[in-house]
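Colleague: Let the hints inform the model, and build the full structure from the sequences given.
As given, the protein sequences belong to chains A and B, one line each in that order. Take the first sequence: its position 609, counting from 1, is numbered 609 in our numbering, and each next residue is one higher. Take the second sequence: its position 47, counting from 1, is numbered 1047 in our numbering, and each next residue is one higher.
Source of the hints: derived by calculation from the structure; they are not laboratory data. Take these hints with a grain of salt, some might be off.
Below, a list of computed lysine-lysine pairs in the DSS-like style, where the Cα atoms sit at most 30 Å apart [as the list claims (entries may be wrong)]:
hint: 1; chain 1: A; residue 1: K51; chain 2: B; residue 2: K1088
hint: 2; chain 1: A; residue 1: K202; chain 2: A; residue 2: K164
hint: 3; chain 1: B; residue 1: K1081; chain 2: B; residue 2: K1091
hint: 4; chain 1: A; residue 1: K789; chain 2: A; residue 2: K764
hint: 5; chain 1: B; residue 1: K1091; chain 2: A; residue 2: K51
hint: 6; chain 1: A; residue 1: K202; chain 2: A; residue 2: K153
hint: 7; chain 1: A; residue 1: K43; chain 2: B; residue 2: K1081
hint: 8; chain 1: A; residue 1: K51; chain 2: B; residue 2: K1081
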Amino acid sequence: MRWRRPAEEDLERDIADHIAMETEDNMARGMSPAEARYAALRKFGNITRVKEDTRSVWGWTALDTWCADVRHALRRIRRSPGTAALAVLSLALAFAPNVAVFSVMDRLFLTPLPIKAPGEIFAIQFRDTRPNANFSYLPVSYPDFQDFRRSLKSFSGLTYQIGKGAMVALNGRRMIVGLHVVSENYFDVLGVPMQSGPGFLKNRPSLIVSHSFWMRELEGRPDIIGRTLLVNGQTFTIGGVATPDFRGTDRFFSPDLWIPFETLLRLQPGFLADMERRDFHAGTLWARLRPDVPPAQAAAEVESVSRELAERWPATNRYLAGYTYAPLADRERSGITLTSIGVFLLGILLAVACANVAGILLARAEERRHETAIRQALGASRARLVREWMVESVVLSSIAAALGLAGAKVLMNLLPGLLPSMVVPIHFEFSFGPRVWLYAASLVCVSALCFGLVPAWRGSRPDLLSGLRRDSAVSILHVHIPVRSLLIVMQVAAAEVLLFSAGLVLDTFSAAQRLDIGFDPHRPVALAVLLGTGEDGSPRPVDREAVCDRLARIAGVRRVAYSHSVPLSGSGAGVRFRLEVPGREPRQVMGVWAGPAFLSTLGVRMLSGRDLEPADRQAVLVNATLARQLDPAGNAVGREIRLDGAIRQIVGVFQDTVWNTVYDPPQPRAIGLAPARSGGDVTFAVEVAGNPRAYLAALRSELTAAQPGLTVASSKTLWQHYQDSLFMERTATQLFYALGLLALLLTITGLHGITTALFARRSKEFAIRLALGAAPRQIMGTVLASGLKLAAGGLALGLAIAVPGGLFMASQVHGFSAWSVPALGLSSAIVMVAAITAAAQPARRVLRIQPGDIVRAE
Amino acid sequence: MSTHEEKERIEFLQGTLDMLVLRTLLLGPAHGHAIAHAIERNSDDVLQVEQGSLYPALHRLIRRGWIQAEEGLSENNRRAKFYRLTAKGRKQLAIENTRWEKFAGAIARIMRPAEQEADL
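Modeller: Below, the structure is given as structure tokens:
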């Protein structure tokens, strides 16, 4: 407290001056010096009290006692470093995953989009009004967007976005980035400001870069506005840098660039061809409602405009009804729900850690009974003692929080490495935002209250008589067995809840793995994606035949196939074909351009007919669902259909396969032989002899050699590809098991502690029994049983909570496994084995009892 | 603790000491000892200040910005800390003054109602 020393000295001098003056006055009145000084002091009053009163005016006394309490707490912690370390470690182990998971959820679910008045933002989509439509909901196509934009009066602005991948060439490096092509008014409609720059430029091709891209690739240089960037071989001027908190409107996909439609349509004929199609249903239409228009009125206007469109463009729009919805509000709600579930589960882990620390502190309260009794004898109030305990708890908790935050940082740095490799890489940047700090601070307070209050209350109980006697035999009888037992039961229950939930998640995961995906992920196949863009990023078709020839020459390769789209690649589901059948409405089906024998290479079964062959220019394959729709009698092979205007003959029917996710319901799908030199990215599938993993390096190098200048975006085995599509499920399973095992680890230490305490309490009794001839085995059984009884109680309580909880989760989350015998058995077995291990060590101490020593000690 | 003794001591009404200090300083800067004596003398020794209690009051007034402390020399050439009324303190004194007059008047009306009736 050096900073307040001058004030103290000042007051001291002031008082001394005062007394000196009074003394002089008194002497002037004729008193003797000693008398004068005494009278002056009497007149002044209690100097210490005056100083205290003045200090309290300064407002430092409260701070002073708090500082003293903290110093005292630190001293007490230093005095028993072992137990303090155990307590801090327990808490830190719970804090680290808590903070890490919360900060991920904060970033994904809680951070609101930095959009002006998000309540006014609606999305517009189409609903297919036919009862058996292939797609119930369809995004609005670009021409439809333009019509909506011209007609709708309820909205102050409409804007359109579509996601794409693009190749950026920068400083001699090429990189694939995700971008959003948007209408020129995008940032105005959403009300998102630029961090720097004017935004999209009018007179030349321009783009806006994300803050992340600017920092990552452009070194955050301030002079970047007006410079150019090469995207897909074309030069764009950087018109602006977005603010750091605007990462696009998608939760998981953060675009690095925004490019206006008008520019890209002019520069890329292929893109223009897609965008001109009224039946090219992709993209998102955002609309900002006028503040004075009720949402219902706007919805009615959207419907009526979509009816006009249906009349004007019957071929494409006859069955499409426009409707509005508020995705941002829905998203906020679901985000809060998901976060609450997460916080609850993490809270269980924290509760286990708190119970552990409470047990440790209770034991410590026992050790301090003598000290406490002395202080009480000297007049320390209970409130004062409780306060000291609580300060110590907060100090412990704060140290643990510091460690936990550091641990969370480490966990989060590991995170990007866990993400599956993708063609368009994901850049996750995590930082601890204000909500995370607040969460960590509340964890400190809540946990300190949870684990500190009971020991504080118990440890400050007035207990002079037995406390002052230094009598270990008496004090052991006072070990807080009932409270600690209750804590252990709760810990075991919590560990069981987490492990049982982990079992259910594992069950859900394995159910997803058992789903029929229509191809065989175990086949020895290696996949590699070759991007159809040149060195400068401009489109360049892949010479597929040349590549196939070259790959076929790799020793051990049995078959080479290719396709523009493969199942479960996550990036788009191929193209949409316009299907015309005589006597029926034309409609859309999902389609894929593939090479010969592609399906066979993936192990997709042909139900009838044959796979595509190199000469099959006019042939097409359909899947079982489409075949059934075309010919319910089951004779689809040989029929002719019109796809995108060209007559094609069905040569084979293949089993239904999933395409986007493993949960896809069967959708009608057609596969045609890719045109001779079509552009776009190509995935090559190589069937090999032996382990496909061994071929990945050769595959990459041969692809680069066959098509110098093109980029190999990703290469993995078919099995990896399949596993990557289940990334979320696998991560959830691992996370749950990690939490459960962590909880169990904490529980074991607690259980071990209490069994040891129980043993210590009864050691004299055991010694007497041993002396009277009891078998050690029998007594070991008693100790073991006391531990196991607690574990069994905890297990029962845990199941009583976990089973209804699982049923509730299953009712909330589609496909979640509500009940599973393996989950029940596995979790119970793990908990019981852990309990036996924890209790066995103290039980074995029975063998070391020397009856003579203990009885003599009396 | 000498709680018994404390109860017997005649204490100033809450806040009165502050007002008296301000009033005293209106005449010019003074050190602590001088202030205590001024209060005693000006009240014809009716008000006996326990001189020590002056210091918490002085520091409270400094905190509120009504007075400020400065170094100076006392009448017999000793170095001492002088307290001076600030502009804010001057305003405060006016407020306290009015409040005190109202308060004293009210008390007086309650304590001497009979005399007033007799006057009628």
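Colleague: It remains to establish, for every hint, whether it holds in the given structure.
Modeller: Hints, one by one, checked against the model:
Pair hint A/K51 plus B/K1088 holds up; C-alpha atoms about 26 Å apart against a cutoff of 30 Å. Pair hint A/K202 plus A/K164 holds up; C-alpha atoms about 22 Å apart against a cutoff of 30 Å. This hinted pair checks out: B/K1081 and B/K1091 have alpha carbons roughly 23 Å apart, not beyond 30 Å. With a C-alpha separation of about 22 Å, the suggested pairing of A/K789 with A/K764 holds against the 30 Å cut-off.
Pair hint B/K1091 plus A/K51 holds up; C-alpha atoms about 29 Å apart against a cutoff of 30 Å. About 26 Å separates the Cα atoms of A/K202 and A/K153, which keeps this hinted pair within 30 Å; it holds. Taking the CA atoms of A/K43 and B/K1081, the gap is about 20 Å. The hint holds against a cut of 30 Å. Restraint check for A/K51 and B/K1081: the C-alpha separation of about 16 Å stays at or below 30 Å, so the hint holds.
This entry satisfies every hint, going by the numbered hints stated previously.
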